[in-house]
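Participant: Let's have the full structure, built from the sequences with the hints guiding it.
One letter stands for each residue in the lines below.
There are 2 protein chains.
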Amino acid sequence: MPDGDFLGGFAKGLKVIEAFGENTPKLAISDVAKAAGLDRATARRCLLTLSQLGYADYDGKFFALTPKILRLGHAYLSATPLPQLVQPCLDKLSAEVGQSASVSVLDATEIVYVARASQRRVMSINLMPGSRLPAYCASMGRVLLAALGEEDARTILNQTMLKPFTPHTKTEISVLMKELTVVRLQGFAIIDQELELGLCSIAVPLTNGRGKIIAALNIGAPAASVPAGEMAGRYLKPLQAVAAALRPILY
Amino acid sequence: MPDGDFLGGFAKGLKVIEAFGENTPKLAISDVAKAAGLDRATARRCLLTLSQLGYADYDGKFFALTPKILRLGHAYLSATPLPQLVQPCLDKLSAEVGQSASVSVLDATEIVYVARASQRRVMSINLMPGSRLPAYCASMGRVLLAALGEEDARTILNQTMLKPFTPHTKTEISVLMKELTVVRLQGFAIIDQELELGLCSIAVPLTNGRGKIIAALNIGAPAASVPAGEMAGRYLKPLQAVAAALRPILY
DNA sequence: GCTCCTTGTGCGGTATATGAACAAATCTCA
DNA sequence: TGAGATTTGTTCATATACCGCACAAGGAGC
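These protein sequence lines are chains A and B, in that order.
Mapping the first sequence onto this note's numbering, position 46 (from 1) lands on 46, and the numbers just tick up by one.
Mapping the second sequence onto this note's numbering, position 214 (from 1) lands on 214, and the numbers just tick up by one.
Honestly, the hints are just simulated from the structure, not real lab data.
Note that the coordinates shown come from a computational prediction; the quantities given were computed from them, not determined experimentally.
Identical copies look the same in the list; a pair holds intra-copy or inter-copy alike.
Quick list of in silico lysine to aspartate or glutamate cross-link-like pairs, DMTMM-like style, CA-CA up to 25 Å:
no.: 1; residue 1: K61; residue 2: E18
no.: 2; residue 1: K163; residue 2: E18
no.: 3; residue 1: K92; residue 2: E22
no.: 4; residue 1: K12; residue 2: D39
no.: 5; residue 1: K26; residue 2: D5
no.: 6; residue 1: K15; residue 2: D107
no.: 7; residue 1: K26; residue 2: D59
no.: 8; residue 1: K61; residue 2: D5
no.: 9; residue 1: K163; residue 2: E196
Facilitator: Here it is as structure tokens:
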């Protein structure tokens with residue numbers, strides 16, 4: 001069924017790149033074929049192409065991506081206005097409150113960090129632009145899901161593997177939906193150690209000049225020094241000030 | 001001429017993604033075709049495919065990449081051991097000396113940041129994992145070029161657009177080659193405002209367990225607070241300590 | 001209204017995907 | 001250790017989908 005304007009070969013190649021995930025730096029042809037759901041012959045040609053273009057290395061047995069592959073993602077970060085516009089504000093905010101600050105957008109069920117100013121590390125995972133977290137248990141995720149409206153948010157939650165990262169993680173759709181309503185009303189979201197023990201965070205939406213919510217802004221802090229109850233008191237105003245300052249320059 | 005194992009279509013698709021560069025967040029079909037050197041019909045099919053897969057947005061006139069495209073590059077950062085292994089050391093180093101520290105690798109004529117711990121911002125450009133700088137005028141670039149050996153380094157310099165970013169930038173191949181010899185002998189490189197006025201940096205190579213240089217590690221500091229002459233005295237030992245600590249765990 | 005530039009669309013020739021069959025390596029278990 | 005079993009990599013023929021050209025249609029600018 002030739003869709004006319006859909007290039008199956010290209011799509012398969014992209015799947016091959018995505019086959020290289022978290023814990024799989026080096027993959028054999030069959031591994032890739034399995035991970036991407038492709039025929040081994042097809043996977044092989046994609047990999048050899050990547051290798052010839054310098055996007056992958058091949059030692060005769062395993063393929064591994066090269067740093068050149070970063071060009072693809074970096075095309076977005078350097079081309080899109082959002083990361084560039086918010087970075088200076090993020091730096092200032094982070095220095096002001098002495099905690100890490102980040103901006104992220106929604107991609108399906110995950111939030112994607114597009115800019116970040118990190119203070120001392122409090123999380124076990126290392127976040128950077130391009131990093132992803134499940135939306136349902138991240139403060140920015142809650143804000144962005146709330147912005148979608150009831151129905152769309154529920155659709156996304158239904159697609160999500162709701163797994164408890166800590167004993168505090170909320171994993172029931174009804175509970176999460178109620179939480180989203182609260183977030184929508186109060187205009188911010190607070191996460192108390194739902195993603196990682198010892199970590200609290202608070203997020204507000206970033207709206208563009210026309211009032212559309214296009215991203216979220218947050219501050220994360222160690223629960224030991226800033227209990228969840230104090231997050232709003234300490235950080236809500238600075239966050240809202242930055243959001244207000246950014247509004248006119250965002251599109 | 002069917003190369004047997006090379007997928008032209010896939011290669012073209014990747015070129016289309018790379019067409020979205022620095023100052024071109026939104027591109028029309030013809031723009032992409034021109035930038036990537038493709039037929040308009042081909043560019044159009046690639047773009048529509050990207051759009052159908054969710055990697056790009058199409059408003060009927062312009063295409064723009066979506067955050068989903070970051071999955072491609074992030075596959076590398078999260079899959080490759082190097083960034084993960086060095087990040088903790090980088091954080092410690094950065095906190096210790098109170099300056100930004102980074103690790104990068106070489107990709108053709110450019111260095112690519114694979115990990116970074118940033119202190120207050122001193123550069124006008126915002127560096128993050130995936131960012132690129134020309135190798136010839138960056139301290140880590142000098143280290144990595146020196147590691148290549150005379151001949152390969154010269155080849156790369158010949159491919160490079162040697163442009164003076166500041167009055168201090170060295171742009172003559174003979175001068176640069178001599179500089180590389182010095183770097184090779186002394187085991188580190190210092191850049192004094194060659195990339196940006198007011199910025200000095202010092203870099204050392206990172207070797208793996210078998211003695212091969214696989215990356216470079218640097219510290220950048222404002223020239224105002226740390227003149228170039230003091231860079232080595234202050235930062236060389238900490239850098240070398242980190243490099244030595246990393247050696248056994250790098251492969 | 002005219003031109004120039006851009007976009008959308010069919011069509012033929014050609015390169016590419018497919019799946020099975022073969023070869024080579026790796027594993028398993030005596 | 002060695003032979004069979006299993007997985008893996010590669011090759012090949014054919015049906016198919018893709019490439020690029022040329023033409024038609026839609027806007028933009030003057």
